[in-house]
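Residue numbers (this note's numbering), protein chains in the order written: chain H, 23 to 348; chain U, 23 to 348; chain C, 23 to 348.
Heads up, a few of these hints could be off.
No copy is singled out in the list; a pair is fine if it fits within one copy or between any two copies.
[Said to hold, decoys possible] With a Cα cut of at most 30 Å, we get these calculated DSSO-like pairs of lysine-lysine: (1) K143 <-> K329; (2) K250 <-> K347; (3) K143 <-> K250; (4) K91 <-> K250; (5) K143 <-> K328; (6) K91 <-> K347; (7) K329 <-> K250; (8) K250 <-> K328.
Think of the hints as simulated: they come from the structure by calculation, not from any bench.
Model, not experiment: these values are computed from the prediction.
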Amino acid sequence: MSKKSNFLAVCLRGSGQVFFMENQVTGAFFLAAIAYASYVSTQWAIAIGAVVGLVVATLTANWLQCDQKSIDAGLFGFNGILVGVALPTFVADSAALWFLLVFGAAASTVITSAVASTLTKTWAIPGSTGPFVLTGWLLAACAYSFGGLELISEKPELGTDYLQGLVTIPSAPELLEIFFRNIAQVFLLGSAISGVLVLIGIFMASVPAGIAAALGSLIAMVVAIGMKANPIEVSQGLYGFSPVLTAIAVGVVFLQPSWRVAVYAGLATVVTVFVQGALDIIMLPDGLPSFTAPYVLTMYLFIAPKKMMAPHPHSHIQSDHLLEKS
Amino acid sequence: MSKKSNFLAVCLRGSGQVFFMENQVTGAFFLAAIAYASYVSTQWAIAIGAVVGLVVATLTANWLQCDQKSIDAGLFGFNGILVGVALPTFVADSAALWFLLVFGAAASTVITSAVASTLTKTWAIPGSTGPFVLTGWLLAACAYSFGGLELISEKPELGTDYLQGLVTIPSAPELLEIFFRNIAQVFLLGSAISGVLVLIGIFMASVPAGIAAALGSLIAMVVAIGMKANPIEVSQGLYGFSPVLTAIAVGVVFLQPSWRVAVYAGLATVVTVFVQGALDIIMLPDGLPSFTAPYVLTMYLFIAPKKMMAPHPHSHIQSDHLLEKS
Amino acid sequence: MSKKSNFLAVCLRGSGQVFFMENQVTGAFFLAAIAYASYVSTQWAIAIGAVVGLVVATLTANWLQCDQKSIDAGLFGFNGILVGVALPTFVADSAALWFLLVFGAAASTVITSAVASTLTKTWAIPGSTGPFVLTGWLLAACAYSFGGLELISEKPELGTDYLQGLVTIPSAPELLEIFFRNIAQVFLLGSAISGVLVLIGIFMASVPAGIAAALGSLIAMVVAIGMKANPIEVSQGLYGFSPVLTAIAVGVVFLQPSWRVAVYAGLATVVTVFVQGALDIIMLPDGLPSFTAPYVLTMYLFIAPKKMMAPHPHSHIQSDHLLEKS
């Protein structure tokens with residue numbers, strides 16, 4: 023295989039890894055989903071940003087001589103593609119945007135490596151999209167500080183009875199759209215068709231992961247509507263994308279599937295909906311989106327617990343504290 | 023002993039562990055303190071929430087097959103009881119409240135286990151009420167997001183000369199009330215009588231812990247009034263509950279008592295008053311209470327230092343950094 | 023050498039360590055820079071605070087019997103001196119200020135020790151000025167809570183065409199002033215002359231560190247002006263002090279210098295400018311300055327990555343999770 027096609031394969035796998043799938047075809051479907059949403063919204067900067075972010079993050083990992091097997095598996099690309107999608111979603115096209123995007127994608131690789139050397143090394147906690155969340159927050163926040171960057175105000179697409187508060191439960195067609203938007207929004211895409219493409223891509227790589235994604239989307243929809251979350255946000259799929267990731271990560275990818283793990287993943291998925299509601303509020307004063315932070319926080323907390331590890335008893339610590347008598 | 027009565031004992035110990043006491047009688051006194059405050063304020067949801075949180079958190083630990091000795095000691099119950107007290111204090115009674123409370127109490131057990139597997143395992147830092155603080159923040163914040171949950175506005179009880187700013191030092195009877203409220207507020211209770219019950223409970227399990235609690239309350243009162251903190255908050259005991267926990271934790275429970283440890287605990291207790299003032303401000307934009315975070319942060323920082331651990335010298339790091347020449 | 027002169031030497035090294043230099047003459051130059059700025063602004067509390075913070079932090083390390091070699095190297099003094107400079111910069115002179123400053127400087131030593139026992143011990147991440155940032159945030163925040171502490175409103179010195187927005191690029195003399203203020207602001211000083219003194223001090227201890235400081239200041243200036251950051255803040259040197267520290271730390275101090283490390287340090291320096299812009303926004307709702315947090319965060323992330331550490335693959339974790347089948 024030529025080096026060039028090899029790099030292409032690595033990038034496609036990096037795309038697929040956003041949903042934990044080391045699969046080039048899946049990655050291609052995800053890129054198609056992004057391209058479709060860019061086409062519909064005519065915001066081509068998002069699709070171009072995705073490719074630039076993916077390429078820069080992967081090249082940076084090569085330059086830093088990060089673990090080659092991980093680079094080849096696409097594990098240094100998926101945070102970069104998300105940075106590349108997120109930035110043009112919130113910041114208007116300009117030279118400064120692309121300058122920021124290139125440095126941000128490179129930084130996402132350093133942060134991925136930092137998380138691997140700390141949380142993963144010591145506690146076996148997968149970094150997942152945590153580096154994207156941190157990079158995304160810093161980039162989005164600094165867009166407020168620099169006159170060279172212009173923030174795009176979010177314009178939610180409204181218009182249905184559900185959104186206008188006339189009915190409390192969305193209609194069946196709306197529920198179907200929400201179901202797929204919950205999946206598309208992992209890539210910050212509001213298009214249900216993109217969600218269909220993403221879900222097909224997941225199923226092509228792993229049937230259990232596809233089922234977990236579907237169940238995660240369903241659970242999120244039921245809990246968010248039942249708790250009367252903001253209908254506009256529910257309708258856009260903003261209450262669903264983190265729970266979808268949690269359902270796959272906890273239920274299929276990082277733990278050995280079993281009935282107990284399924285119940286555990288169900289608990290984690292419901293908790294993610296609450297954490298979504300919480301982080302939306304907590305990030306509000308800073309004017310920052312929560313990105314996939316609800317998934318990242320919940321997943322970290324649910325993957326961290328280890329067998330045999332007891333909480334510290336309420337008695338003297340047995341390590342040599344500074345003030346312990348020697 | 024029958025399994026049922028055994029479970030009751032475990033739950034009572036879980037109640038006692040809020041003040042580090044593995045003692046059923048102490049736990050019963052604490053529940054009585056909660057019940058009394060619920061009776062006075064007619065907010066029975068708080069007492070019921072305490073029991074539900076305690077039971078759910080303990081059952082979750084059983085289901086997750088957490089360390090049995092720790093479960094029996096009540097170490098998986100005390101964060102649950104605090105979640106159960108805190109949520110109905112801030113959110114009005116409704117079906118959605120109880121749904122949230124049950125999932126929140128279950129999550130507090132997962133988080134307790136996550137902290138044990140990370141901070142405690144690697145650095146011998148006790149998790150203590152850290153899991154409650156994190157769970158409480160997420161649950162309180164998400165109450166703003168969901169229409170199904172109605173926030174209760176805080177109504178501080180006012181009325182004395184001290185509170186009205188006519189005098190700068192509270193009168194002796196007021197000082198006595200503050201002294202006991204500082205202790206009761208660990209359970210988010212504003213009743214001085216509840217504080218008396220809690221302090222009796224502590225003394226029944228450990229005289230040194232009782233003395234530390236009393237001294238912690240005194241120090242907090244003097245520093246808060248001396249620094250001219252908001253008299254309403256001082257009067258309600260809101261400047262005292264975290265320092266009380268710090269005094270017991272650092273001075274008696276986690277370090278071997280000695281004169282040097284007593285001075286160290288005194289420093290930690292004063293610092294906790296400052297951190298209380300700081301976190302009240304830092305949490306303000308998010309509209310979240312600081313819960314026991316001032317205690318948790320201060321205690322983590324004062325328990326973490328280990329003998330022989332030097333700060334990294336300002337010279338090349340001796341571990342294999344990514345960019346080190348091989 | 024008498025004990026007294028020895029303590030003086032330790033304190034002077036503590037001053038020098040703010041820029042990673044274990045050098046008494048350098049430390050003396052830094053104190054002169056602080057004294058000069060205090061003289062110009064007639065805010066003598068800042069110079070006195072520096073000395074008090076330095077002495078209290080060092081004495082606390084002695085009392086806690088921290089690692090003697092580190093104490094002698096000044097590694098427990100440099101966070102204390104920064105606390106001592108920062109507090110009187112933001113809080114007006116009063117008895118309560120000095121009470122807070124003494125306890126804050128003592129706490130900075132405990133926090134330095136806590137960071138050494140956690141981040142440094144487990145991940146070889148140098149604590150650097152992280153303890154100052156945490157202490158500074160807590161002290162500055164609690165100044166809002168206590169009536170005994172009065173906050174000083176920041177009065178930026180304005181007046182040039184650049185600041186008034188008539189021109190987009192500062193004039194040559196202004197650029198020179200910014201170049202030196204970028205260095206002086208590490209000590210929260212707005213005086214270009216102080217920056218000259220600091221830079222001389224650095225060069226006396228280490229020529230490579232001096233060059234890195236100069237390049238860091240230049241890069242920060244170009245990026246901040248190019249991205250159109252707030253001209254007032256750029257002019258005061260507020261966009262430059264963290265990048266200066268990053269350039270020295272990543273390029274010279276903590277990694278073995280090489281061409282690849284130089285490029286890496288350049289990337290880190292540019293990223294620090296973005297993080298500066300980000301943290302200014304993120305800290306805004308809390309009304310807190312970001313201090314050296316942009317440097318601390320960036321440096322931690324760029325020093326953490328270790329060779330051979332791969333991100334966790336997207337497959338079952340191989341450690342004994344609570345729910346793993348036994």
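Hint by hint, which ones does the structure fall short of?
Result: hints 2, 3, 4, 7, 8 break, sorted rising.
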